[in-house]
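Novice: One letter stands for each residue in the lines below.
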Amino acid sequence: MHVYHDQLEVRSRGKGLYEITDDVQSKIDKCSIRNGTVTVFVQHTSCSIVIMENADPTARRDLEEFFERLVPERTSYFTHDAEGSDDMPSHIRMVLTRTSETVPIADGKMQLGTWQGIFLFEHRGAPHRRKLFLAIIGE
Amino acid sequence: MHVYHDQLEVRSRGKGLYEITDDVQSKIDKCSIRNGTVTVFVQHTSCSIVIMENADPTARRDLEEFFERLVPERTSYFTHDAEGSDDMPSHIRMVLTRTSETVPIADGKMQLGTWQGIFLFEHRGAPHRRKLFLAIIGE
Amino acid sequence: MHVYHDQLEVRSRGKGLYEITDDVQSKIDKCSIRNGTVTVFVQHTSCSIVIMENADPTARRDLEEFFERLVPERTSYFTHDAEGSDDMPSHIRMVLTRTSETVPIADGKMQLGTWQGIFLFEHRGAPHRRKLFLAIIGE
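Protein chains in written order, with this note's numbering: chain A, 64 to 202; chain S, 64 to 202; chain V, 64 to 202.
These are calculated hints, taken from the structure and not from any lab test. Treat the hints with caution; some may be incorrect.
When chains are identical, the list treats them as one kind, so a pair holds in a single copy or across two.
Claimed, not checked - In silico DSSO-like cross-links for lysine-lysine, where the CA-CA straight-line distance does not exceed 27 Å:
id, residue 1, residue 2
1, 194, 172
2, 172, 78
3, 78, 93
4, 78, 194
Since this is a predicted model, take the numbers as computed values, not measurements.
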């Protein structure tokens, strides 16, 4: 049994879903762990990690539109807006989704279903460099 | 320290919450790990794994009704509807909840609170066979 | 590789976010594990564990207000109200957030980003004693 740590940087180009499945699998391929779990953890509070349908881009666009409407910019009662109108919505959208995903690994491969992809979900309007910390535990 | 992998299939009869607490505990009972964690991971993007109140069925019905209203079928701006009007809502409801739950194990038992149960939350209207992958890590 | 279990009790004073980052780190400091993960798991279905912005209190107040409006007390179709008007909203707010967070540990420290804190998110109006179970796995 071992622990293997690694990091990933994802450059977002503003709001939306950015698939990172292959980047995570590449990190697993680099280490000797064949069976266990990987925890993909994002070190920010204005973007999320989610597992989502990865085949049809229209599903991602509908998801983004849903979150735009559920937590609108310029909501009248928001007071935390030091970084702009997308500041508070980005924190709420993160709390409504996830800071990390933990995925089982068997025979060196993440055990994702056929249509599952891992995504960075960027909630800020401007491009950002996002830091992810990976903890792979197993044997 | 060891890793133990197992799988579960849950047959849903359409939308709703299906308790799987005993099924997960049975898998833990089968392996030699007494202390650690179990990650219950669902390999689909149109259903979820959630921990929820397991005593009163009315709580589950109110939860289901809330999600019906929060992410309604036939939402006018949804474009991803290849599999029907419950297609896009099922993905959004999954993103708003969870793909996996990780539960501590002590003395061979999941350390759930008195009223906590683990549920498959089916978001599609038709019956489905859902595949779950379990990763148990510990000693 | 080892597993270390511990428990925390958090006394809430009604609805709101209570930071527990230092309490969790103190438990990690007590054990010999330097690299791995900690799973912070709350043993209740009417409060949550979330990672959230920990610098500006206005961000937390806006978040609390958002959840008050998204899942209002006295929603007409709720039937599960044995414990009062905050009963059903508390379960739904928990399902929309998280029962646990898993955070990587490196060199004995949780690898949180600069602005990330771990919070108990209390959804009930009255003060409660909340039990948390911590599973630290690593080497």
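Novice: Quick one: residue 194 to residue 172, C-alpha cut-off 27 Å, is that within a copy, between copies, both, or neither?
Specialist: Answer is both; intra-copy 23 Å and inter-copy 17 Å each pass.
Novice: Up to 27 Å between alpha-carbons, please classify residue 78 paired with residue 194: within, between, both or neither.
Specialist: within (16 Å within a copy, 32 Å between copies)
Novice: Since the copies are identical, ignore which copy is meant and state whether residue 172 and residue 78 lie within 27 Å (CA to CA) inside a copy, between copies, both or neither.
Specialist: neither (29 Å within a copy, 31 Å between copies)
Novice: Please work out whether the CA atoms of residue 78 and residue 93 approach to 27 Å or closer within one copy, between two copies, in both situations, or in neither?
Specialist: neither (30 Å within a copy, 41 Å between copies)
Of the numbered hints stated above, those contradicted by the structure are hints 2, 3, listed in ascending order.
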